[in-house]
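Residue numbers (our numbering), protein chains in the order written: chain U, 30 to 212; chain G, 30 to 212.
Derived from the structure by calculation, the hints contain no laboratory data. Remember, predicted model here, so these are calculated numbers, not experimental data. Among the hints, a few may not be true.
Copies of the same chain look alike in the list, so a pair counts if it fits in one copy or across any two.
To be verified - Heads up, simulated SDA-like pairs for lysine to any residue below, C-alpha to C-alpha not over 20 angstroms straight-line: (1) 198 <-> 174; (2) 150 <-> 176; (3) 158 <-> 194; (4) 128 <-> 138; (5) 198 <-> 178; (6) 36 <-> 88; (7) 198 <-> 173; (8) 198 <-> 171; (9) 198 <-> 176.
Number of protein chains: 2
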Amino acid sequence: MDRRRRKTRNAIFEAFIALLDRHSYGQITVGQIIERADVGRATFYAHFETKEELLKALCRELFAHIFEAAEGEETAHSYLFDCQAPDSVFLHLFQHLQKDDNRILTLLSCRNNDLFLGYFKEELRELIKSREAQFSGRKDPRLPDAFWLDHIAATFTETLRWWLENGRKEPPETITEYFYLAV
Amino acid sequence: MDRRRRKTRNAIFEAFIALLDRHSYGQITVGQIIERADVGRATFYAHFETKEELLKALCRELFAHIFEAAEGEETAHSYLFDCQAPDSVFLHLFQHLQKDDNRILTLLSCRNNDLFLGYFKEELRELIKSREAQFSGRKDPRLPDAFWLDHIAATFTETLRWWLENGRKEPPETITEYFYLAV
DNA sequence: TCTATAGCATACAAAATGTTCGGAAACAAC
DNA sequence: GTTGTTTCCGAACATTTTGTATGCTATAGA
Numbered sequence: 030m031d032r033r034r035r036k037t038r039n040a041i042f043e044a045f046i047a048l049l050d051r052h053s054y055g056q057i058t059v060g061q062i063i064e065r066a067d068v069g070r071a072t073f074y075a076h077f078e079t080k081e082e083l084l085k086a087l088c089r090e091l092f093a094h095i096f097e098a099a100e101g102e103e104t105a106h107s108y109l110f111d112c113q114a115p116d117s118v119f120l121h122l123f124q125h126l127q128k129d130d131n132r133i134l135t136l137l138s139c140r141n142n143d144l145f146l147g148y149f150k151e152e153l154r155e156l157i158k159s160r161e162a163q164f165s166g167r168k169d170p171r172l173p174d175a176f177w178l179d180h181i182a183a184t185f186t187e188t189l190r191w192w193l194e195n196g197r198k199e200p201p202e203t204i205t206e207y208f209y210l211a212v
Numbered sequence: 030m031d032r033r034r035r036k037t038r039n040a041i042f043e044a045f046i047a048l049l050d051r052h053s054y055g056q057i058t059v060g061q062i063i064e065r066a067d068v069g070r071a072t073f074y075a076h077f078e079t080k081e082e083l084l085k086a087l088c089r090e091l092f093a094h095i096f097e098a099a100e101g102e103e104t105a106h107s108y109l110f111d112c113q114a115p116d117s118v119f120l121h122l123f124q125h126l127q128k129d130d131n132r133i134l135t136l137l138s139c140r141n142n143d144l145f146l147g148y149f150k151e152e153l154r155e156l157i158k159s160r161e162a163q164f165s166g167r168k169d170p171r172l173p174d175a176f177w178l179d180h181i182a183a184t185f186t187e188t189l190r191w192w193l194e195n196g197r198k199e200p201p202e203t204i205t206e207y208f209y210l211a212v
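Using the sequences plus the hints, can you model the full thing?
Here it is in structure tokens:
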């Protein structure tokens, strides 16, 4: 990708993130974004058709990193859903999030929470689905597989939400333990 | 409240609900709403300052009914969180929702799901909070109260979401059992 | 150095927002 | 029924936002 294109794309993302931190998604206008990004109006529309598309692209970009990392860890013989395993994928997700090396924590903690946690859950569901066997042992036989799958993704996402909205006081190990105790 | 005022207020709600069923919240315009409600532009703004306010008012109105009913059942010696109890509040919530006497099921099943399930969870959390003692017995002592409280509300809400998004095939008794098995 | 591409400023049409006004109809209270 | 109040309407209006078009400049990458 052309360096110029990369740069403006990034400028738009940054401006969008900064605005999401202060205003609700619905109130943010393209005008505000391009002003903050210091980018021409036509340029914006050359990159993204609408504000919604911008949001989607941002989500894809951010979550790709997180879940790529989670995928990678699988090869290093980690366990997706073993309470005892000290290096479960869930723990790693919390650890990775806590580092806040990219701006994902900003977005997951901002007033527009729901927008991103929704995407997060979808991605997580796919991740869990691809390793269904690893955690079916924990399931009560009376529960349908589809329900159980969704339940794990939902519980993790809601645990994450709780952690974020309560100031992230607990270390990753503790909040992961809460998750395991709850699910 | 003046009858005229009641009528237009309702017409606006109905139009809004019908539109939410077909379009995403962000795309719905005040113009569409007033056209469908057959109401003057100035009239709309006399009732609601913004589209957001309309949404909030709608949520308040609808959920008030549901949770009022749930509150009432308490007096009839039901149990909030007893697996065995055949008349737990949770079962009653599912039963009440299945009847679909008001338009709440339409809204909870539409593409704008998240908007309403978020409000639902908030309301439910308050309900559970007010009866904290009734279900603390089920809690693992290592979990903080605040986490547990949130977890129950979240799990019920996500169970409800799953039920809705999978066509509500299970009878209230079954889906309530799933909830109890999961939480 | 050359060429394709990205960006800029500006201008513009179209749509949506939010406000104002005077007159008509419905209401409530007497 | 009369009266005073409230609500609605229609229409007009200013403002904001959206999305597109254009001609020119700067830069990337070969």
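Here is what the structure says about each hint:
Taking the shortest Cα distances, residue 198 and residue 174 sit within 20 angstroms of each other only across copies (15 angstroms), while inside one copy they are farther apart (34 angstroms). For the homomeric pair residue 150 and residue 176, the shortest alpha-carbon distances inside one copy (14 angstroms) and between copies (19 angstroms) are both at most 20 angstroms. Proximity of residue 158 and residue 194 under a CA criterion of 20 angstroms is satisfied inter-copy only: 18 angstroms between copies versus 27 angstroms inside one chain copy. In the homo-oligomer, the alpha carbons of residue 128 and residue 138 lie at most 20 angstroms apart inside one protomer (14 angstroms), although the nearest pairing across protomers, at 37 angstroms, exceeds that limit.
In this homomeric assembly, residue 198 and residue 178 come within 20 angstroms of each other (Cα to Cα) only across copies, at 18 angstroms, whereas the closest approach inside a single copy is 28 angstroms. In the homo-oligomer, the alpha carbons of residue 36 and residue 88 lie at most 20 angstroms apart inside one protomer (18 angstroms), although the nearest pairing across protomers, at 42 angstroms, exceeds that limit. Taking the shortest Cα distances, residue 198 and residue 173 sit within 20 angstroms of each other only across copies (13 angstroms), while inside one copy they are farther apart (35 angstroms). Proximity of residue 198 and residue 171 under a CA criterion of 20 angstroms is satisfied inter-copy only: 16 angstroms between copies versus 36 angstroms inside one chain copy.
For the identical chains of this complex, residue 198 and residue 176 are inter-copy neighbours only, at 13 angstroms across copies versus 31 angstroms inside a copy, given an alpha-carbon limit of 20 angstroms.
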